[in-house]
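Work out the full structure, taking the sequences as your base and the hints as a guide.
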Amino acid sequence: MSDLAILSGAGALPVMLAEAEPQAVRVVFNGVDHAMSAPLTEHRFEKLGSLFEDLKARGVTRVVLAGAMARPALDPAQLDPFMMQLAPRLMAAMQGGDDAILRLIIAVFEEQGFTVIGAHEVLPQITAEEGVIAGPPPSDAQLADASRATDILLALSPLDVGQGAVVAGGLCLGIETLQGTDALLRFVGETPAHLRRGKGGVLVKAPKRGQDLRVDMPAIGPNTVQNAAAAGLEGIVVSAGKVLVLNRAATLAALEETGLFLMARVL
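So the sequence shown is numbered by the numbering used here: it starts at 242 and just counts up by one.
Please keep in mind that the hints were generated in silico from the structure rather than gathered at the bench. Yeah, the Cβ is synthetic: ideal placement off N, Cα and C, and Gly gets one too. Take the hints with a grain of salt, since some may be wrong.
Distance ranges between label pairs, derived from CB positions [unchecked claim]:
{"no.": "1", "residue 1": "G482", "residue 2": "P377", "range": "42 to 48 Å"}
{"no.": "2", "residue 1": "Q326", "residue 2": "V373", "range": "47 to 53 Å"}
{"no.": "3", "residue 1": "D321", "residue 2": "G354", "range": "16 to 22 Å"}
{"no.": "4", "residue 1": "L281", "residue 2": "R438", "range": "21 to 27 Å"}
{"no.": "5", "residue 1": "R438", "residue 2": "G482", "range": "29 to 35 Å"}
{"no.": "6", "residue 1": "P399", "residue 2": "V373", "range": "28 to 34 Å"}
{"no.": "7", "residue 1": "G482", "residue 2": "A261", "range": "44 to 50 Å"}
{"no.": "8", "residue 1": "L436", "residue 2": "S278", "range": "41 to 47 Å"}
{"no.": "9", "residue 1": "Q420", "residue 2": "G372", "range": "16 to 22 Å"}
Next comes the structure, spelled out in structure tokens:
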């Protein structure tokens with residue numbers, strides 16, 4: 242058994258980690274969607290004390306959090322003594338954005354003696370390398386749209402809003418919020434033609450300024466490419482080394498099919 246535990250939410254990333262580390266402990270949570278296969282150990286958010294005891298008994302010293310997890314609806318009647326003590330800190334964090342909750346989660350695991358690592362530390366090849374990864378080189382106009390979208394994300398990052406923005410012809414068509422990138426792209430696709438300066442546009446994905454990349458690193462995948470194409474965009478620009486490319490083969494195939502470009506820049 243490995244000293245690593247994968248705390249799994251929904252999506253492809255936890256599965257990729259499990260394939261890379263087949264001996265890792267696979268933790269899923271009651272009420273949280275996941276695609277992990279057995280062997281699994283299931284826990285409740287209300288009983289983190291039991292989770293920590295279980296991980297320590299299994300010899301786990303490192304944990305990686307991966308996959309989408311919605312804010313849990315906690316049942317007060319289920320709270321164990323550890324969670325009762327943690328409740329005031331948790332309630333305070335939940336008044337802030339997702340970053341506040343994630344920072345608390347990292348702190349709590351570290352206080353229990355675990356080392357929290359990022360998915361990119363297990364799979365270093367999963368991040369986007371600098372340069373044009375697929376498709377035609379972007380034009381000067383497309384690069385200008387990408388720069389404006391980057392400026393928007395950097396300006397909003399202290400507000401913990403999102404990790405994506407779409408700009409076309411210098412106009413901001415949408416900003417990622419709690420609903421995620423796919424919802425952003427659907428919204429952009431529904432923008433009336435008379436509000437857009439012609440066709441095209443660029444999606445930029447980048448972490449928030451000061452974001453802890455061990456958790457919630459921005460990611461793109463084949464669905465992102467397909468949805469960007471459906472929204473009428475011409476390309477995707479991501480932060481080099483700070484955005485995950487999930488299902489790379491399928492993502493590259495989607496880029497070839499749609500004709501979109503994918504470029505990673507130092508943002």
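Unmet hints by their number, sorted upward, for this structure: 1, 4, 7, 9
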